[in-house]
Amino acid sequence: GESVGLHLPTLSVQEGDNSIINCAYSNSASDYFIWYKQESGKGPQFIIDIRSNMDKRQGQRVTVLLNKTVKHLSLQIAATQPGDSAVYFCAENTQAGTALIFGKGTTLSVSS
Amino acid sequence: DGGITQSPKYLFRKEGQNVTLSCEQNLNHDAMYWYRQDPGQGLRLIYYSQIVNDFQKGDIAEGYSVSREKKESFPLTVTSAQKNPTAFYLCASGRGEETQYFGPGTRLLVL
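From first to last, the protein sequence lines stand for chains A and B. Per our numbering, the very first residue in the first sequence carries number 1199; after that it's consecutive. Per our numbering, the very first residue in the second sequence carries number 28; after that it's consecutive.
Hints are not guaranteed to be accurate.
One-sided excerpt, in silico: chain A residues whose CB lies under 7 Å from chain B [to be verified]: (1) I1232; (2) E1237; (3) G1241; (4) P1242; (5) F1244; (6) R1249; (7) G1257; (8) F1300; (9) G1301; (10) G1303.
For lysine to aspartate or glutamate, the following EDC-like pairs were computed, each having C-alpha atoms within a straight-line distance of at most 20 Å [as the list claims (entries may be wrong)]: (11) A/K1302 - B/D86; (12) B/K97 - B/D86; (13) B/K36 - A/E1237; (14) B/K110 - B/E125; (15) A/K1240 - A/D1282; (16) B/K36 - B/D57; (17) A/K1240 - B/E51; (18) A/K1302 - B/D57; (19) A/K1240 - B/D65; (20) A/K1266 - A/D1229; (21) A/K1269 - A/E1213; (22) A/K1269 - A/D1247; (23) A/K1254 - B/E96; (24) B/K110 - B/D86; (25) A/K1302 - A/D1247; (26) B/K97 - B/D57; (27) A/K1266 - A/D1253; (28) B/K41 - B/D57.
Partial list, derived from the structure: chain A residues whose beta carbon lies under 7 Å from chain B [what the hints assert, rightly or not]: (29) A1227; (30) D1247; (31) K1302.
If you are wondering where the hints come from, they were derived from the structure by calculation, not from laboratory data. Each residue gets a CB set at the ideal place from its N, CA and C atoms; glycine is no exception.
Using the sequences and the accompanying hints, generate a full structural model.
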């Protein structure tokens, strides 16, 4: 079926490093993508989104890149901090008004 | 304070019992969603509603029921037909194709 997946289930970085979390999607009709951060025992928290008419969008310390040619999405976190440790999910919306499709998530661990 | 609230935070179900999870939002969003999350897994859609008095089944609707009588509220009932209900349940709301915002979740455990 159509689904969003992530390349790596875990990523370990040192504090201050830049982190890159990757996501591949399979539906070329998807037009809206979101990155969420989920801390243990909490609901997912919106980080940043991007529409298919863009290839890059920046937020505070985060950048999302979209490559529609290879159906790839990435989240870059600059100067990673221990508070960034969490599970990161990408999600896509393939049809307006319907629910998102989520990947399984990448667990980011930041050590001091 | 605006947002999405879910209650209770923890819920215990006895075998054969129906339980209802509450979800309320004051963000004036038309659409509301219920997801189930199992350990180490992504989110799977149970039900969603795009407008009051209307809702659609998601990928794993069997053993669950919902209602949408008010814009602000979208309760989920886990029925006795759901044989493996232990999971983290997440409610979300949004404006259709835009970002969905999540509540804090309810953890359901079986006694």
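field: Hint numbers not upheld by this structure, sorted from lowest to highest
entry: 2, 6, 7, 12, 14, 16, 18, 21, 23, 28, 29
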